[in-house]
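Enquirer: With the sequence shown counted from 1, adding 565 to any position gets you the numbering used here.
Treat the hints with care, since some could be wrong.
[Said to hold, decoys possible] If you anchor each label on the Cβ, the simulated ranges turn out as follows:
(1) L618 - K672: 29 to 35 Å
(2) Y595 - G705: 29 to 35 Å
(3) S625 - E675: 41 to 47 Å
[What the hints assert, rightly or not] Computed list of lysine-lysine pairs in DSS-like fashion (alpha-carbon distance at most 30 Å, straight line):
(4) K598 - K671
(5) K699 - K672
(6) K582 - K699
(7) K598 - K578
(8) K699 - K664
(9) K569 - K582
(10) K598 - K664
(11) K582 - K664
(12) K582 - K671
(13) K664 - K569
(14) K578 - K672
(15) K569 - K598
(16) K582 - K672
(17) K569 - K699
(18) K582 - K598
(19) K569 - K671
(20) K578 - K664
(21) K598 - K672
(22) K671 - K699
(23) K578 - K671
Read the hints as simulated data drawn from the structure, not as lab findings.
The beta carbon of each residue, even a glycine, is placed where N, CA and C say it ideally should be.
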Amino acid sequence: MDEKEARLRELLKEVGKIVVPYSGGIDSSYLLKIAVDTLGRDNVIAAVVNSELFSDREFSEAIDLGTEMGARVLGLEMEELSDPHIASNTPNSWYYSKKMLYQTIKKNVEGEGFTVLSDGLIMDDINDYRPGVKARNEEGVRSLLQEA
566 MDEKEARLRE LLKEVGKIVV PYSGGIDSSY LLKIAVDTLG RDNVIAAVVN SELFSDREFS
626 EAIDLGTEMG ARVLGLEMEE LSDPHIASNT PNSWYYSKKM LYQTIKKNVE GEGFTVLSDG
686 LIMDDINDYR PGVKARNEEG VRSLLQEA
């Protein structure tokens with residue numbers, strides 16, 4: 566185990582319970598797998614959100630991958646295009662999309678003792694233009710891969 570993975574495991578143990586907004590991508594898959602291995606199934610939720618911007622195949626594959634990794638998988642529906650800020654498809658649309666994503670997930674795990682959401686952003690993402698980071702910060706979402 567390398568130093569960064571060891572630090573990630575320490576952070577996860579400090580958190581105790583975590584929700585990962587899960588897309589099935591490499592970074593969120595890595596975070597989810599390490600979280601399940603470190604905290605166990607009962608303490609990890611993979612929140613997979615289906616919307617008009619996510620194909621049924623991608624949604625299904627993310628559900629299957631999360632299940633295979635041993636996480637509790639929560640499949641959610643979201644109508645992103647109902648928000649005119651998202652439907653307008655401007656660079657700032659990602660801010661509104663992420664804001665809706667995080668709020669939808671938080672609403673659906675309320676009362677289960679899951680207080681930490683962590684996305685799969687990595688250090689390479691720091692210099693990219695990512696309007697969703699503002700929404701992440703406003704909603705109190707952490708990026709444990711970056712923190713590690």
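Enquirer: If a hint holds in the structure, say so; if it doesn't, say that too.
Expert: Here is what the structure says about each hint:
Taken as a hint, the range 29 to 35 Å is violated for the pair L618 and K672, whose Cβ atoms sit roughly 19 Å apart. Separated by about 22 Å at the C-beta atoms, Y595 and G705 break the suggested range of 29 to 35 Å. At about 26 Å, the beta-carbon gap between S625 and E675 misses the expected band of 41 to 47 Å. Pair hint K598 plus K671 holds up; C-alpha atoms about 21 Å apart against a cutoff of 30 Å.
Distance check on the hinted pair: K699 and K672 sit about 19 Å apart at the alpha-carbon level, within 30 Å; holds. For the given pair, K582 sits about 23 Å from K699 by alpha-carbon distance, which is consistent with the 30 Å threshold. Using a Cα cut-off of 30 Å, the hinted pair K598 and K578 holds, with the two alpha carbons roughly 14 Å apart. Taken as a hint, the K699 and K664 pair is honoured in the structure, with Cα atoms around 9 Å apart against an allowance of 30 Å.
At roughly 20 Å between alpha-carbon atoms, K569 and K582 fall within 30 Å of each other, so this suggested pair holds. At most 30 Å may separate the alpha-carbon atoms for a hinted pair to count; K598 and K664 meet this at roughly 25 Å. Distance hint between K582 and K664 is fulfilled; the C-alpha atoms sit about 21 Å from each other, no more than 30 Å. For the suggested pair K582 and K671, the alpha carbons sit about 13 Å apart, so the restraint of at most 30 Å is met.
Only pairs whose Cα atoms come within 30 Å are accepted, and K664 paired with K569 is accepted, the gap being roughly 28 Å. Between K578 and K672 the CA atoms are separated by roughly 24 Å; this keeps the pair inside 30 Å, and the hint holds. Of the supplied pair hints, the one linking K569 and K598 holds, its CA atoms being roughly 15 Å apart against a limit of 30 Å. For the proposed pair K582 and K672, the alpha carbon gap of about 16 Å is at most 30 Å, so the pair holds.
Among the hinted pairs, K569 with K699 is consistent with the structure: their alpha-carbon atoms are about 25 Å apart, no more than 30 Å. A hinted pair counts as satisfied when its Cα atoms are at most 30 Å apart, and K582 with K598 qualifies at roughly 14 Å. As the CA atoms of K569 and K671 are separated by approximately 28 Å, the hinted pair is consistent with the 30 Å bound. In summary, the hint linking K578 to K664 is supported, as the alpha carbons are separated by about 26 Å, within the 30 Å threshold.
Using a Cα cut-off of 30 Å, the hinted pair K598 and K672 holds, with the two alpha carbons roughly 24 Å apart. Distance hint between K671 and K699 is fulfilled; the C-alpha atoms sit about 17 Å from each other, no more than 30 Å. With a C-alpha separation of about 21 Å, the suggested pair K578 and K671 falls inside the 30 Å cut-off, and the hint holds.
The earlier numbered hints that this structure contradicts are 1, 2 and 3.
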